[in-house]
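Taking the hints into account, I'd like the entire structure generated from these sequences.
Chains S and L are the protein sequences, given in the same order. Those letters in the first sequence? Residues 14 to 390, by the working numbering. Those letters in the second sequence? Residues 14 to 390, by the working numbering.
What the hints contain is simulated information worked out from the structure, not anything from laboratory work. Take the hints with a grain of salt, since some may be wrong.
So the derived label-pair ranges between C-beta atoms look like this [stated by the list, open to error]:
#	chain 1	residue 1	chain 2	residue 2	range
1	S	PRO87	L	GLY324	20 to 28 Å
2	L	ARG211	S	PHE17	47 to 55 Å
3	S	THR373	L	ILE314	19 to 27 Å
4	L	ARG211	S	THR373	47 to 55 Å
5	L	GLY131	S	GLU54	53 to 61 Å
6	L	ALA242	S	PRO127	27 to 35 Å
7	S	ALA374	L	ILE314	16 to 24 Å
8	S	ALA177	L	ASN86	55 to 63 Å
9	L	ALA242	S	PRO87	25 to 33 Å
Please read all numbers here as calculations on a predicted model, not as lab measurements. Note that beta-carbon positions come from the ideal geometry of N, C-alpha and C, so glycine has one too.
Protein chains: 2
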Amino acid sequence: MKDFRPVPVERAWAWIDAATNRLRPEEVALDDAAGRVLWAELRTTDPIPTADCAAVDGFALNSAATFGAGAYNPLTLVADRIEAGEPLPPGTDAVLAAELAECDDAGRLSVIDPLAVGANVQRRGAIAPEGAVLAAVGACLDPATLGLLGIAGVARVAVAARPAIRLVIAGRARSGPLLDSNGPMLRALIARDGGVVRMAGFGEALFPGADLVVIAGGTGPGPSDHSAAALAKAGSLEIYGVAMAPGDTAGFGRTAAGTPVILLPGEPAACLWAYELFAGRAVRRLAGCTPELPYRRQTVITARKIVSAIGLTEIVPVRRLEDGRIEPVASFVEAGLGATIAADGFVIVAAASEGRPAGTAIDAYFYDHGGGFGWPR
Amino acid sequence: MKDFRPVPVERAWAWIDAATNRLRPEEVALDDAAGRVLWAELRTTDPIPTADCAAVDGFALNSAATFGAGAYNPLTLVADRIEAGEPLPPGTDAVLAAELAECDDAGRLSVIDPLAVGANVQRRGAIAPEGAVLAAVGACLDPATLGLLGIAGVARVAVAARPAIRLVIAGRARSGPLLDSNGPMLRALIARDGGVVRMAGFGEALFPGADLVVIAGGTGPGPSDHSAAALAKAGSLEIYGVAMAPGDTAGFGRTAAGTPVILLPGEPAACLWAYELFAGRAVRRLAGCTPELPYRRQTVITARKIVSAIGLTEIVPVRRLEDGRIEPVASFVEAGLGATIAADGFVIVAAASEGRPAGTAIDAYFYDHGGGFGWPR
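Right under this line is the structure:
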């Protein structure tokens, strides 16, 4: 535990933010863009549609010509067929839907209802006006946005390159006989945040060729804990220890070539939270996403007191009651990863706070985001 | 539009639920299980941990033996080193953290603070008691659950096989010159719901070899709309038309071999909603997930009247105001997919309803789920 000098989480965040930036743009086809992170804002150059269009298949008419039409006064009009999405011909301002039209072989329509001006017409710019933002920088491309980009005529799109994250499982197996529990968890987390996982052994941890190195385990005070010392020796150890629970033995440094390295504790709950607060932030920044935690945040009221040690940023698992208030459940320190079973989410109690009395407002993060595969981030 | 007889959405849902079931289990390694859907409930057989364990690296002691220890009364005790996660040796009930211990080469500790019983001990069953549910049937495996399963000694897990979804883009291109907007959107939606997309041409649409066929476009009344007629001819068309907006020209049937086929309208907003309400439900059921819409649902108050035609189930895009109430924005009929730009979510107004006056409660679905790559579903 030489060099172990816990810093506030804000110091660790500042280190990450200085060490990581999105990498570079790469162009992908719309078909391959789902879940990717947009490199630059996309705006319409022209309104969509560029002209008044038929909203349905039918016949384009001048509505004024249908004035007075009725079941007892059918009007016979000649009109061109039009398909949904086609621009209205000059002199027309409404569309008679095909299924309501009676049309003979000579193209003569029998109209028995007057058409309102604009009926079944999609106006110029109705989908998006000129200069509208279709997707913002850093947006994770969702299905509806991909559809919109297709409509806007975008065939290829510039997205942020995915960072290569070298993942090293350095600690002792904390689970059943020889089973690694942190590996599957971290692979899934890195993929969620837009990184490409490359597993490596401890001996290759600090080799060149990655955008970020994540080493899990071996950060503690035990005699078999070598991660911090190895990083200090072969590269630099810039921060060792964060005043948080769980996750206090996280560390930060660089390889000899300058690649950022993040050390995560091996205890699974500490590993999870040091990932979420630190490594995940680094991966998301490298991937061009917002660095914020990818959980839905909502201000809620505490139903019971939340206790937290002053001087430590604490992650407290919480359960949501029927009435929408929250209460703490068995902590990550007591129950390890088991704390997530009973929890609907968590709160982050700042180091300066001793917690919250019952009945006060606090920001909570919830797991129940509903689905999707990564948007919005 | 022969055979076009719109049915209530509930009828279409009943058809889907009768036509689709999860496929079969397949076993995957924990490393490959992220985002997969659990086939059977996973419970602990033994408590985790199975015995009282060290929560930190240090020295296992009998707390009673430390009674009276103090800075001016250091006690010298002999104790074994213990690593976090190891079971406590018989006769010990507390752990002195390594960083607080002074230990000479002969293994003699100098103890200057009394240890409370249970200090730095993780109790038998603290992570999960015997018989605890680690993950439920149909759960989408998230990172923390993967970690827990690793801790529980689960190396391989039975997940639902991914359904093969044949996707056919049959309609005219509705977007810019020759660009298809529905293809990228539907591929992303199917992947989100756990399906494996296989693109096919219209001529191969009804061949054997898929778990579900989705044909987008060509469902309308136009002269170039052949999807419904082709399905009726080569297989069966069992439902054609749903009383909803947008998306009323959705259709349902089977190939000659009995594979379910869902027809989606080609207009992009109608395509999106017919997918979300019908094809998505089918994919999610085949994939073993809950059939519910993968958006977060919340009861909210309307700030303005929501108007809806009686007899039609309507999808109404809504915006959330600062105070948490919602109001409708330009409809999908007016603005097509562009309606999603201004919306934070949507409400589904049932066919029997004419809408809602301002100030009433309604269930809304929101896009702001925060992230994740597909859990929980």
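Checked hints:
1. With their beta carbons about 27 Å apart, PRO87/S and GLY324/L fall inside the hinted range of 20 to 28 Å.
2. In this structure the supplied range 47 to 55 Å holds for ARG211/L paired with PHE17/S, their Cβ-Cβ distance being about 54 Å.
3. Range check, THR373/S to ILE314/L: about 24 Å between beta-carbon atoms, so the 19 to 27 Å window is met.
4. Range check, ARG211/L to THR373/S: Cβ separation about 53 Å, and the 47 to 55 Å hint holds.
5. Distance hint check: the CB atoms of GLY131/L and GLU54/S are about 56 Å apart, consistent with the given range 53 to 61 Å.
6. The beta-carbon spacing between ALA242/L and PRO127/S, approximately 32 Å, falls within the hinted interval of 27 to 35 Å.
7. At about 20 Å, the CB distance of ALA374/S to ILE314/L agrees with the hint of 16 to 24 Å.
8. Distance hint for ALA177/S and ASN86/L: a CB-CB separation of about 56 Å, consistent with the stated range 55 to 63 Å.
9. Our hint of 25 to 33 Å for ALA242/L and PRO87/S holds, since their Cβ atoms are close to 29 Å apart.
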